[in-house]
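Asker: Sequence:
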Amino acid sequence: WLSVVPAVEPYSDDGARLVRDLRAATPPPTATSPAASVLVGGAAAELADTREALARSLPWAVLIIVVSTLVLLFLFTGSVLLPVKAVVVNTMSLTATFGSLVYVFQEGHLTWLVGDVHATGLLEITTPVLLFCVAFGLAMDYEVFLLARIKEAYDHAGDNTRAVALGLERTGRIVTAAALLVATVFVAFATSGITLLKMLGVGLTLAVLVDATVVRGLLVPAVMRLAGRANWWAPAPLRRLHARWGLADERS
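The sequence shown runs -15 to 236 under this note's numbering.
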């Protein structure tokens, strides 16, 4: 084996390219090793292997999360549109958060807002994965709070416009207070000297605040108001499925 000190940064694109080139090299056969191969270790190789594993497994994880969310929200609301709407608007808030992280930590803009940060031109590979899991779960939590009250009002009166207004009125303060409490905790993460924790703190703070204000306070009510009765539509087979297996509040 050989110990090699590369002239490039191991965690850069050049480092990843060096690993690929070394692994693609084919050593000449010898009498003792007729089919030898090149094995590469170290920080750059570890990062390359992590990226490959994430690229292989992450799409399946996202698919499972999205499908589970669609199924559970359908069983809760009996609607085809509302689960799709929830996934779409939550994805919008997540993309805004990822864009902010790239702008600050990857490109180096506004770094004075988050302390001593040196832009490296890339993000820590595990940060988007952790951020997606935590932020998506919190967003769905707030979504269920809001939809529960809207559905309750709609089932009682059958008026979509009034149901949306009442649902927002009854949950607005709760969702806002919960978001502020959670954001306060994540801001503490952002003061850390560890880059990973700082990224998570900034990203999750933005995700929670954007979701509780722009998404939950504006986008969701606006979309539901415009959709009208289509919010509660489902084909006959799915209506029967919801009547049999649907999730509902237990009331005395």
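A portion of the hints provided could be inaccurate.
[Unchecked claim] Pairwise CB distance ranges, derived in the manner of DEER restraints:
1) E36 / W(-15): 20 to 28 Å
2) L164 / A8: 48 to 56 Å
3) G99 / A227: 25 to 33 Å
4) P(-10) / W96: 52 to 60 Å
5) A103 / A27: 18 to 26 Å
6) T75 / L165: 46 to 54 Å
7) G142 / G121: 30 to 38 Å
Because the hints were derived from the structure by calculation, they are not lab data.
Glycine included, each C-beta is placed from N, C-alpha and C at the ideal position.
Asker: All the hints need checking, so say for each whether the structure fits it.
Answerer: Cross-check of the supplied hints:
{"no.": "1", "hint": "E36 / W(-15): 20 to 28 Å", "in the structure": "holds, 22 Å"}
{"no.": "2", "hint": "L164 / A8: 48 to 56 Å", "in the structure": "holds, 52 Å"}
{"no.": "3", "hint": "G99 / A227: 25 to 33 Å", "in the structure": "violated, 55 Å"}
{"no.": "4", "hint": "P(-10) / W96: 52 to 60 Å", "in the structure": "violated, 32 Å"}
{"no.": "5", "hint": "A103 / A27: 18 to 26 Å", "in the structure": "holds, 19 Å"}
{"no.": "6", "hint": "T75 / L165: 46 to 54 Å", "in the structure": "violated, 24 Å"}
{"no.": "7", "hint": "G142 / G121: 30 to 38 Å", "in the structure": "holds, 32 Å"}
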